[in-house]
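Spelled out from the first residue to the last, the chains are:
Protein chains: 2
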Amino acid sequence: MSSAEPYLAQDDHAVSDAALDTIFRGARTLRQWQDKPVSSALLMAIYDLMRWGPTETNITPARFHFVVSQEAKARLEPLLDEDNRKQTMSAPATAIVAYDLNFAHTLTKLAPRSAERLSARLAKDPEKARFMATRSAGLQGGYFIVAARALGLDCGPMSGFDREGVDREFFAGTPIKSYFLCNLGYGVEGSVRPRAARLGFDEACKIL
Amino acid sequence: MSSAEPYLAQDDHAVSDAALDTIFRGARTLRQWQDKPVSSALLMAIYDLMRWGPTETNITPARFHFVVSQEAKARLEPLLDEDNRKQTMSAPATAIVAYDLNFAHTLTKLAPRSAERLSARLAKDPEKARFMATRSAGLQGGYFIVAARALGLDCGPMSGFDREGVDREFFAGTPIKSYFLCNLGYGVEGSVRPRAARLGFDEACKIL
Numbered sequence: 372m373s374s375a376e377p378y379l380a381q382d383d384h385a386v387s388d389a390a391l392d393t394i395f396r397g398a399r400t401l402r403q404w405q406d407k408p409v410s411s412a413l414l415m416a417i418y419d420l421m422r423w424g425p426t427e428t429n430i431t432p433a434r435f436h437f438v439v440s441q442e443a444k445a446r447l448e449p450l451l452d453e454d455n456r457k458q459t460m461s462a463p464a465t466a467i468v469a470y471d472l473n474f475a476h477t478l479t480k481l482a483p484r485s486a487e488r489l490s491a492r493l494a495k496d497p498e499k500a501r502f503m504a505t506r507s508a509g510l511q512g513g514y515f516i517v518a519a520r521a522l523g524l525d526c527g528p529m530s531g532f533d534r535e536g537v538d539r540e541f542f543a544g545t546p547i548k549s550y551f552l553c554n555l556g557y558g559v560e561g562s563v564r565p566r567a568a569r570l571g572f573d574e575a576c577k578i579l
Numbered sequence: 372m373s374s375a376e377p378y379l380a381q382d383d384h385a386v387s388d389a390a391l392d393t394i395f396r397g398a399r400t401l402r403q404w405q406d407k408p409v410s411s412a413l414l415m416a417i418y419d420l421m422r423w424g425p426t427e428t429n430i431t432p433a434r435f436h437f438v439v440s441q442e443a444k445a446r447l448e449p450l451l452d453e454d455n456r457k458q459t460m461s462a463p464a465t466a467i468v469a470y471d472l473n474f475a476h477t478l479t480k481l482a483p484r485s486a487e488r489l490s491a492r493l494a495k496d497p498e499k500a501r502f503m504a505t506r507s508a509g510l511q512g513g514y515f516i517v518a519a520r521a522l523g524l525d526c527g528p529m530s531g532f533d534r535e536g537v538d539r540e541f542f543a544g545t546p547i548k549s550y551f552l553c554n555l556g557y558g559v560e561g562s563v564r565p566r567a568a569r570l571g572f573d574e575a576c577k578i579l
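Line order of the protein sequences matches chains B and C. With the working numbering applied, the first sequence closes on residue 579, and no number is skipped along the way. With the working numbering applied, the second sequence closes on residue 579, and no number is skipped along the way.
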């Protein structure tokens, strides 16, 4: 292979095989956590990395509320599906990954050239705002998980919770809506489930 | 900082600062491409990496159709917004990132323990299937962009195209729906726009 394809050639490239293991191949969803805290500085470092990932017109609609204190955990606990409670209550931090339906108010900062025109369109079309917010927040959710892993954390993303309940409890009176949850911390070695299968290239992809 | 926080301590960690630049901090959306092809092997390597990223109940609904041949490009061209045409026609490859609304048919392989129960629920609730498919395909779109960058490629993600037109042209008679496009290749140095701003931690996050 030529140097045009650094992965295959294993040279001249900043992302090592070990790094690819850390962010993709060796990473696993964790459900048991060591009793080891995650500092505010490290939570900030995750955001500081993932915020550079691309979104449509740079709208970056994702919002991250980190549940760390015992008081905040107590508010979250009853809103979790039964089988997510133990793992979440014992995690050092849980991110509520959410999106801001009123991301239009940030556009003068984020996308000054498009702000006026796009804000006017969004004001008339809440379904467009919802579609844009969820699509880009999904991408940002992916960046978030990769960034956390890259910084040495294990992740435990979860969809089993009462979304409307979380919105009432944490985002009442705001245009912010919860999307998924992600436990963060240092997993207990040997506690992961057997690796689930993935689709082969030919099952998920086509080259046209 | 203790060794619990490898990013801040800069030691004992597989993901180097240079790698973080490659996948996040230094990466930019490209719109001008070198005349340098991207091989099928490299497209397969992107999928081979990103497919390990987590999704809800391991449903992995994202589908990737890579537009590479002149024939396929000619089918895509009229469906692009005017200002995305030149950059897309000159890119060596364009991924149509899509999702399979009928991901239920893959669950016996991907999530055997949940397959029967979840398939029955999805059959009765197409809106749940759509929500699950788009949320997880969004995460997978994020993994895809990170994986392509990690393998040395530049990305040019785009939302400016006729989604229904692409679905008719490329996915007629299937439950697959387009979500966004992503040009792939080697960008022309010095061709990127000035870096757009991002929200600060306090504007997008809270620690509770």
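Since the hints were made in silico from the structure, they are not lab data. Errors might be hidden in some of the hints.
Which copy is meant is left open, so a pair is good if it fits within one copy or across any two.
As the list claims (entries may be wrong) - Listed below are the simulated DSS-like cross-link pairs for lysine-lysine, each with C-alpha atoms no more than 27 Å apart in a straight line: (1) Lys480 x Lys495; (2) Lys577 x Lys495; (3) Lys457 x Lys495; (4) Lys499 x Lys480; (5) Lys407 x Lys548; (6) Lys495 x Lys444; (7) Lys444 x Lys480; (8) Lys407 x Lys495; (9) Lys499 x Lys407; (10) Lys457 x Lys407; (11) Lys407 x Lys480; (12) Lys548 x Lys495; (13) Lys499 x Lys548.
Note that the structure is a prediction, hence the values are computed from the model and not measured.
For each hint, the structure was consulted:
1. Lys480 x Lys495: within (21 Å within a copy, 43 Å between copies)
2. Lys577 x Lys495: neither (38 Å within a copy, 30 Å between copies)
3. Lys457 x Lys495: neither (43 Å within a copy, 31 Å between copies)
4. Lys499 x Lys480: Answer is within; shortest intra-copy Cα gap is 20 Å, inter-copy 35 Å.
5. Lys407 x Lys548: So Lys407 and Lys548 fail the 27 Å test inside a copy (30 Å) and across (43 Å) alike.
6. Lys495 x Lys444: Neither. Shortest intra-copy (38 Å) and inter-copy (34 Å) distances fail the 27 Å Cα cut-off.
7. Lys444 x Lys480: neither (33 Å within a copy, 35 Å between copies)
8. Lys407 x Lys495: This pair counts as neither: shortest intra-copy Cα distance 48 Å, inter-copy 43 Å.
9. Lys499 x Lys407: The answer is neither: 42 Å in one copy and 37 Å across copies each exceed 27 Å.
10. Lys457 x Lys407: within (16 Å within a copy, 52 Å between copies)
11. Lys407 x Lys480: neither (37 Å within a copy, 36 Å between copies)
12. Lys548 x Lys495: Both. Shortest intra-copy (20 Å) and inter-copy (25 Å) distances satisfy the 27 Å Cα cut-off.
13. Lys499 x Lys548: Answer is both: 15 Å inside a copy and 17 Å across each meet the 27 Å cutoff.
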